[in-house]
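Asker: Chain by chain, the residues run as shown.
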Amino acid sequence: AQSVTQLGSHVSVSEGALVLLRCNYSSSVPPYLFWYVQYPNQGLQLLLKYTSAATLVKGINGFEAEFKKSETSFHLTKPSAHMSDAAEYFCAVSGRYSSASKIIFGSGTRLSIRP
Amino acid sequence: DAGVTQSPTHLIKTRGQQVTLRCSPKSGHDTVSWYQQALGQGPQFIFQYYEEEERQRGNFPDRFSGHQFPNYSSELNVNALLLGDSALYLCASSLADTRAEAFFGQGTRLTVV
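For the protein sequence lines, the chains are A and B, in the order given. Numbering of the first sequence is given in this note's numbering, commencing with residue 1 and proceeding in unit increments. Numbering of the second sequence is given in this note's numbering, commencing with residue 116 and proceeding in unit increments.
No lab work stands behind these hints: they were computed from the structure. Here the structure is a predicted model, which means the values were calculated and not measured. The reader is advised that the hints may include incorrect statements.
Calculated pairs, SDA-like style, for lysine to any residue (alpha carbon to alpha carbon, straight line, at most 25 angstroms) [as the list claims (entries may be wrong)]:
(1) 141/B x 60/A
(2) 68/A x 216/B
(3) 49/A x 118/B
(4) 49/A x 201/B
(5) 58/A x 215/B
(6) 58/A x 218/B
(7) 49/A x 156/B
(8) 68/A x 27/A
(9) 49/A x 143/B
(10) 68/A x 17/A
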């Protein structure tokens, strides 16, 4: 069975400050891990994905995430927050060996940016 | 490339009615998955269609059914609507067995009154 847990349903940071969104996963097989962003009244956009090539994954809009197997974590970071980063962020996991790779999402973290 | 398109964008139905939502996958994709996203929650997997057959199903009742057509487009049908079925329904398309990323549509917002 697979699952993800996002720590903190709401995170607020000042513009220009470090963004850190936390995600821990559980998987009985080597996982694929994802971070998605969702702006109000829109669908999901993939920020980045981990597929075992490199533990530090760089994504769009200056975001990156590091896969730490020993900690079963995949935290999302951005060095300097911008007002346009305000959105809902979802960590997700899928199986690598299943022929039907459904994606399992966390409950989401709402990121607010203070001017 | 139009990406994944869903219709309609918004829908209001009465409890007990039936609804059909539609999804056209990204060009070149052959697999369609449907997700339900209740307000304030993450998306939940409903089912996945490939080669016009349901390949995998999540923990949803039989009131939720689907179909995939030869052109890979898909429909999600929900019968006997309940108030709790109010949600954003997301369609995702992908290319089977390639591990390439899935692309999501903008979703259909269903409100049951």
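Asker: Look at each hint and say if it fits the structure.
Answerer: Hint check:
1. A C-alpha spacing of about 20 angstroms is found between residue 141/B and residue 60/A, which places the hinted pair at or below 25 angstroms, so the restraint holds.
2. Our distance criterion of 25 angstroms between C-alpha atoms is met by residue 68/A and residue 216/B, whose separation comes to about 21 angstroms.
3. A threshold of 25 angstroms between alpha carbons decides the hint, and for residue 49/A with residue 118/B the separation of about 19 angstroms falls inside it, so the pair holds.
4. With a CA separation close to 30 angstroms, the supplied pair residue 49/A and residue 201/B exceeds the 25 angstroms bound.
5. The suggested pairing of residue 58/A with residue 215/B holds, with an alpha-carbon distance near 17 angstroms, which does not exceed 25 angstroms.
6. Simply put, residue 58/A and residue 218/B have alpha-carbon atoms about 19 angstroms apart, close enough for the 25 angstroms limit, and the pair holds.
7. Using a Cα cut-off of 25 angstroms, the hinted pair residue 49/A and residue 156/B holds, with the two alpha carbons roughly 21 angstroms apart.
8. Proposed proximity of residue 68/A and residue 27/A is supported: the alpha carbons are some 13 angstroms apart, at most 25 angstroms.
9. In summary, the hint linking residue 49/A to residue 143/B is supported, as the alpha carbons are separated by about 21 angstroms, within the 25 angstroms threshold.
10. For the hint pairing residue 68/A with residue 17/A, the CA-to-CA distance comes to about 23 angstroms; that is within 25 angstroms, so the pair holds.
Violated hint for the displayed structure: number 4, the only one.
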